[in-house]
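Student: Those sequence lines, one after another, are chains A and Z. Numbers 1 to 433, taken from the working numbering, label the letters of the first sequence in order. Numbers 1001 to 1291, taken from the working numbering, label the letters of the second sequence in order.
No wet-lab data here; the hints were simulated from the structure. A portion of the hints provided could be inaccurate.
Said to hold, decoys possible - Per the computed footprint, the stretches of chain Z lying under chain A, defined by three or more beta-carbons under 8 Å from a beta-carbon of chain A, are:
1. 1090-1097
2. 1183-1192
3. 1221-1232
4. 1270-1279
Because the structure is a prediction, the values reported are computed rather than measured. Where a beta carbon is used, it is the ideal one built from N, C-alpha and C, also for glycine.
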Amino acid sequence: MNYKQKVLYFISFIFILQNSPQILAQDVIENPLDTLTRTVTNSVDEITKMKRLKITGYIQPQFQYIDSAGAPSVAGGDFVNGTSKYYSRFMMRRGRFKFTYTFENVEMVINTDATEKGLFMRETFVKVTDKKLEIFSLTAGLLQEQFGFELNQSSGVRETPERARYNQLLFPVERDLGIFGSMVLPKWSKFYGLKVDVAMMNGVGGVNPEFDSHKDFTGRIQYNKTTINEKISFSIGASYYNGGYRAGVYKDYNYQVLNNGDKGFTFATDTANYNRIAKREYIGADFQGALDWKAGITTIRAEYITGQQPGTDKSNRSPLGAPTASLYHRTFNGAYFYFIQNIGLTKFQVVAKYDWYDPNIKISGKEIGKSGTNTKLADIRFDTFGFGCNYRIATNLKLMAYYDLVINEATLINGYTKDIKDNVITIRMQYKY
Amino acid sequence: MLLQLECNININQIKLKINSMKITKVLLAILFTTNLSFAQKLKGSDTVLPLAQKEAESFMKSNKNSRVVVTGGGSGVGISALVDGTTDVAMSSRKIKMTEKMKLQDAGKASKESIVAYDALTVIVHPSNKVTQLKREQLEGIFTGKIKNWKEVGGDDLQIVVYSRESSSGTYEFFKEHVMKNKNYAANVLSMPASGAIVQSISQTKGAIGYVGLAYLENNTKAIKVSYDGGKTFVAPSVETAKNKTYPIVRPLYYYYLPSSEKMIKPFLDFCLSAEGQKIVEQTGYVPLPK
């Protein structure tokens, strides 16, 4: 082999080396299975990240009919008194869009309500759960009120169109700004099923700013149990609310038996202290039970509440801002009862509900509105009987037909000397996602 | 050289793309020729998975026009899929919970239940592990993190590596409830997405321990004898010991389905409950239903 041949062979060798994919492949070509594994792993990582954000919610378009124009109602708000007979309406009762971002032990929630009235913030909070035991959690922000069962139950799963009247008047927006601590005992605990909640809130409700610096306390204790065969479950709870708001320059009226023997309100002379607090104090108990049997799942719920509530002469509703009228201090009570029966294994469910709200338990009937007693609209008791049927058209789609038979006590107040016509029919469609 | 490298990578990417296209074509062909989109879908428990697959294979052999597609993921995943309407049958290694029934009800659905077999929950370790038996209390200690080294239970001086299923698994819940007496799993327990992954990991890790359904027991892992009477008797998991009820960790395996799907899935369900189906149960390492 001469020199030229050697050089030629060497150049050829280098050329082959440079251009041979098989030789290079040993270093750089990835096994297709590894490529697939890597791609899948990357995709799983991406999906895991995306799964941290959940978007849920529901929309509730509905049609309603009331048996007199312009009647006040808690079935989605008062009915407007039109120039002609205005008995019905279409409305978007709720349009909830909830964004939940969860990473490890921290959860952030933004819940909005989009209806024809506009876009409203319902909840915005951050929740931190203890990492070690997963027993304790602390939530801060714009939160759900923590009193009783119905108040906390989502309107997306409730079997009736609205909450009981007393819940709507005592907790008008169902939310408040503050902090909320919770303890849920784990399965290994002797007291598994026990849940304790405490909250400290502004007491003003919803997104309304604090006006008096006075904070309201809520405590709730709950115990739930399910039988081993997963056929029966029940839950009992007790709640306590202690709060109030600054009365300002407005006068106080307290209940008492008047000199002439009538029951009514008298002006309290000690109202010179403008920083006094109008007390809100409620105590309640609740029960929920479910039985899975041949006829389908039967659910019963009951809740009772009593306490002190300051209001005006026209309404016993909790204020959403500083008071603008004289305050009337009343002792109230209220309750509701649900009976819900799924019809066997069908898509139908029937519901019966009864609730009452007596804003002033010390006075009733024709005693209300009597001259010189200072008793007014806000002292009238309402009883509501509700009947309905739910048909689940598809997994996410529900149709509800519901009738509210509302009975107020007959008083001496003009317009309320007998039961007013304010029964409501609601036909609602709900899409939940 | 760099240019050459890029060329080679591109060539391989093109090859991969061509392969992917071929695979896609084949899958599409299978889809169109087999009416896969109209197949009965079973989803859920990884414990039930091997049994359901075998039953499905045999069923499809004798029913040429039928198609049964089986996927795992865990009992919770299966029941959730039943609520969402993405499966016809939810396979579960635990009973459906009241909360899940309420979710079904809220979606306008209700479930029917059928027990198709029983399973002996098996605790497995690496084959080289000296430990052959454990008391329930010791298992509780290991999985809660109180026992950290094999020498504490008669083994070598070796750190214990604990594998568990994810919380959506019925096996996870059953083990927690019946073996750990509802105590919490230790924070350092490694959660695996499937029973097969547990077997594979344990076969490759000397100090490892985990639990799977008996059907997952292979030669590359070792089953542990278990005592539920404080160490008086230790029983190895097997179809026989599960049948004669001497093995303490046995549970029923369920199929849940909607009444509206009953007509469609009845032939397959009847097959699973038939003598032939129950023979497959035993052959696959599960415990057949009592005759």
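Student: Evaluate each hint against the coordinates.
Tutor: Evaluated hints:
1. 1090-1097: Held - the stretch 1090-1097 of chain Z has 3 residues with a Cβ nearer than 8 Å to chain A, which meets the minimum of three.
2. 1183-1192: Satisfied; 3 residues make the cut.
3. 1221-1232: violated (count 0)
4. 1270-1279: This one is violated; 0 residues, fewer than the three required, reach chain A with a Cβ under 8 Å.
Of the numbered hints stated above, those contradicted by the structure are hints 3, 4, listed in ascending order.
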